[in-house]
Amino acid sequence: MKFKTESNIVVAKLDDGEDFFESIERIVKECNISSGIVLSGIGQLKNFELGYFDGKKYVRKTFEKPMELVSMQGSIAGTFHIHCALADEKQNVYGGHLFKGVVGVVNEIVILKLNKIKLKREKDKKTGLKPLKIR
Amino acid sequence: MKFKTESNIVVAKLDDGEDFFESIERIVKECNISSGIVLSGIGQLKNFELGYFDGKKYVRKTFEKPMELVSMQGSIAGTFHIHCALADEKQNVYGGHLFKGVVGVVNEIVILKLNKIKLKREKDKKTGLKPLKIR
Amino acid sequence: MKFKTESNIVVAKLDDGEDFFESIERIVKECNISSGIVLSGIGQLKNFELGYFDGKKYVRKTFEKPMELVSMQGSIAGTFHIHCALADEKQNVYGGHLFKGVVGVVNEIVILKLNKIKLKREKDKKTGLKPLKIR
Chain A
9 MKFKTESNIV VAKLDDGEDF FESIERIVKE CNISSGIVLS GIGQLKNFEL GYFDGKKYVR
69 KTFEKPMELV SMQGSIAGTF HIHCALADEK QNVYGGHLFK GVVGVVNEIV ILKLNKIKLK
129 REKDKKTGLK PLKIR
Chain B
9 MKFKTESNIV VAKLDDGEDF FESIERIVKE CNISSGIVLS GIGQLKNFEL GYFDGKKYVR
69 KTFEKPMELV SMQGSIAGTF HIHCALADEK QNVYGGHLFK GVVGVVNEIV ILKLNKIKLK
129 REKDKKTGLK PLKIR
Chain C
9 MKFKTESNIV VAKLDDGEDF FESIERIVKE CNISSGIVLS GIGQLKNFEL GYFDGKKYVR
69 KTFEKPMELV SMQGSIAGTF HIHCALADEK QNVYGGHLFK GVVGVVNEIV ILKLNKIKLK
129 REKDKKTGLK PLKIR
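Chains as they are written, first to last, in the numbering used here: chain A, 9 to 143; chain B, 9 to 143; chain C, 9 to 143.
So here's chain A without its partners, still in its complex pose (with noise of 0.2 Å):
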């Protein structure tokens, strides 16, 4: 894994067989970034879990095979809430929320740091979800 900053842009790259979040939380602690968007992912995704939410809980599904990361999206907010569209060899894309993976063959993800905008996370008591908060 490598990453630089150049103002409040961060450009990582993720190598083979790293666990996604794993490298994702390093590269945000290093970098200090406790609110940021996730501006860019590509790549592969293997052994990775998305999720839809079906208005009281999380349906999730693994997929084993390796996929292309086609798309990357989500905020940073002390945790993180990403959603990636992926791509079998079919070139059929599927997609949702993002609760874990693994990098195939190489992850390219752009971070946004945000300075004085702050996102949180609070529990929200209906849904059970941790809706983000701007201040």
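Accuracy of the hints is not assured; some may be wrong.
Any copy will do: because identical chains look the same in the list, a pair fits if it lies in one copy or spans two.
[Said to hold, decoys possible] Straight-line distance between alpha carbons at most 20 Å, and here's what the computed SDA-like set of lysine to any residue pairs gives: (1) Lys73 to Gly25; (2) Lys131 to Asp23; (3) Lys64 to Glu97; (4) Lys54 to Val67; (5) Lys98 to Asp27; (6) Lys10 to Glu130; (7) Lys12 to Ile142; (8) Lys98 to Arg34; (9) Lys121 to Asn55; (10) Lys121 to Ile142.
No wet-lab data here; the hints were simulated from the structure. Since the structure is predicted, the reported quantities are computational estimates derived from the model, not experimental observations.
Start from chain A and add chains B and C according to the hints.
Below, chains B and C without anything else, positioned relative to chain A:
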């Protein structure tokens, strides 16, 4: 709905049940954004309408069931030109030009305000579309 | 094709029938972008080729019919590494590594120019790929 700005970045949180375009239009108005880029949009949408331009007209389809909003990209030039991808409970992804939608649970939207580049739309007589003009 | 810059942001409009990569290469050259990020890309593509890396080689497929360009993310490091998602007339989404494409109707592309971070690609003997190097 809540939003904050930092430099030329706007981070917005839309709440369950809000009309997506009404909320975005209010943000754009209050932030005085005449030209901008939608960098990111995640969460859920319900009762949304997607379109495919067949060369002559938009073929539109309404999806009533909530889906995970997997990605959103687009431009703001007086009017909006927004494309998005959404995933159902089986992680299958649908996408196209977003004509309308209602926020499900939450939407996290990030907008880049352009100050120097001026984006406009002018009707093209051949296609009936209003393609982007950059000045 | 037309483009304008503001700070480190380039907003481009590609026109119907243009070769996608020829246009992007011209923009990158004229804007003197040796390292950059493709933040957004919407519109339509036709006669495009998508790839899936199976661990040894890219499995490629050509799609002739125009599809809505739903998302585009990637890096510029001398060469391009671009992933995108596209939707057909039934809103089904296909995606992967973009090898080639022709602009349908219009493409709106947003690029972030990196000035300090240097992106390069060097051939990996094991995979035959040219993974990103960040300096």
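Hint numbers the structure violates, sorted upward? Structure breaks hints 5, 8 and 9.
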